[in-house]
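Novice: Here's the letter readout for the chains.
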Amino acid sequence: AQSVTQPDIHITVSEGASLELRCNYSYGATPYLFWYVQSPGQGLQLLLKYFSGDTLVQGIKGFEAEFKRSQSSFNLRKPSVHWSDAAEYFCAVAFFKAAGNKLTFGGGTRVLVKP
Amino acid sequence: EPEVTQTPSHQVTQMGQEVILRCVPISNHLYFYWYRQILGQKVEFLVSFYNNEISEKSEIFDDQFSVERPDGSNFTLKIRSTKLEDSAMYFCASNVEQIGNQPQHFGDGTRLSIL
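So the sequence lines, in the order shown, correspond to chains A and B. In terms of this note's numbering, the first sequence opens at residue 1 and continues consecutively. In terms of this note's numbering, the second sequence opens at residue 1001 and continues consecutively.
Certain hints may be false.
Claimed, not checked - Calculated cross-link-like contacts (lysine-lysine; reagent style BS3-like; alpha-carbon spacing at most 25 Å): (1) K1042(B) <-> K68(A); (2) K1042(B) <-> K49(A); (3) K1042(B) <-> K1083(B).
Derived from the structure by calculation, the hints contain no laboratory data.
Using the sequences plus the hints, can you model the full thing?
Specialist: Structure representation (structure tokens):
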């Protein structure tokens, strides 16, 4: 069965420190890969996406992610977190289909930022 | 930047009642989706809609659920006879074409509380 795993449910990081969120997927082929962020009471905002090409992708808010085919991973990173980065982060995958494509989400990682 | 808008932001309904959740996708988008997120759980795909018909649905999307695009701008999710377990945050999403070219844009969600 297809699945997306985010092994870390919670991560606490100090402001200014680096952040890495893990995401692994289980599919027969390389899917399209996404990271979304959800602030409390708000919807899902796209941080970045990978479709093909360069395996290191840049996103908004200073985030980047690296696709590693050999590890079936798409980990999200930020060199220096800000207090406003406290939120829940979701990794998601999709496959190309002719009439719409469902996203399959991981369970999310809640990030807490200490002052 | 255009947004997906959802109304209401919070809906409280008695068990067994019908509820309609409304969404206005981005105007030039062609593919529409509903997802739900039960409190503390992952975001789950419900249904995708293209060219005025359902293109894919999950096993969650049973006969109690229906979707409609009544007037070319709104996209609605109806639950005919709500159950306690329907309490969740419901997200609408849209994209302009197959996901290989454009990611899905999400609304802020409707929190549905069944009493």
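Novice: Of all the hints numbered above, which does this structure not satisfy? Sort the numbers upward.
Specialist: Violated hints: none at all, because every hint is consistent with the structure.
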